[in-house]
Amino acid sequence: MRSLLAAILALFLPARGAHRAAAPPPLPPLSCPPAPEPPPVITCPHPADVITADGMPLVRPYIVEWERERDEHDRRRLQRERRRAAVLATLGQDYVPVPWEVAA
Numbered sequence: 053m054r055s056l057l058a059a060i061l062a063l064f065l066p067a068r069g070a071h072r073a074a075a076p077p078p079l080p081p082l083s084c085p086p087a088p089e090p091p092p093v094i095t096c097p098h099p100a101d102v103i104t105a106d107g108m109p110l111v112r113p114y115i116v117e118w119e120r121e122r123d124e125h126d127r128r129r130l131q132r133e134r135r136r137a138a139v140l141a142t143l144g145q146d147y148v149p150v151p152w153e154v155a156a
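53 is the number of the first residue of the sequence shown in the working numbering; add one for each residue after it.
Please note: incorrect hints may appear among the correct ones.
What follows is a list of derived Cβ distance ranges for each label pair [what the hints assert, rightly or not]:
{"#": "1", "residue 1": "R120", "residue 2": "G144", "range": "32 to 40 Å"}
{"#": "2", "residue 1": "V148", "residue 2": "Y114", "range": "32 to 40 Å"}
{"#": "3", "residue 1": "V148", "residue 2": "D123", "range": "18 to 26 Å"}
{"#": "4", "residue 1": "S55", "residue 2": "A87", "range": "54 to 62 Å"}
{"#": "5", "residue 1": "R136", "residue 2": "I115", "range": "25 to 33 Å"}
Treat the hints as calculated values from the structure; they're not laboratory data. Ideal placement from N, C-alpha and C gives every residue a C-beta, glycine not left out.
Between the sequences and the hints, there should be enough to build the whole structure, so can you do that?
The structure is reproduced here in structure tokens:
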């Protein structure tokens, strides 16, 4: 029983004393090729405020479409408010927009 336990412990525990392996010999110094020179700095012929994207749009098309629809919706809402105010003015009433119509 003791030899079975000693065999299992020998598998999982490091060896002790003279049974340890000697330190590995030092590695010889490596001769590396010289590092490549960094690429030259290319000056940009464009002004600093111009951003080029290699012909790609800087804004996604679905965002542009959403902004157009939002602007069109706002324009129509303002036109409805102006018409409502004109109709009420012909009846002698003042038009005061309600907050939930303004936010819509």
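Structure-based check of each hint:
no. : hint                    : in the structure
1   : R120 x G144: 32 to 40 Å : 38 Å, holds
2   : V148 x Y114: 32 to 40 Å : 37 Å, holds
3   : V148 x D123: 18 to 26 Å : 25 Å, holds
4   : S55 x A87: 54 to 62 Å   : 58 Å, holds
5   : R136 x I115: 25 to 33 Å : 32 Å, holds
Checked against the numbered hints given earlier, the structure satisfies every one of them.
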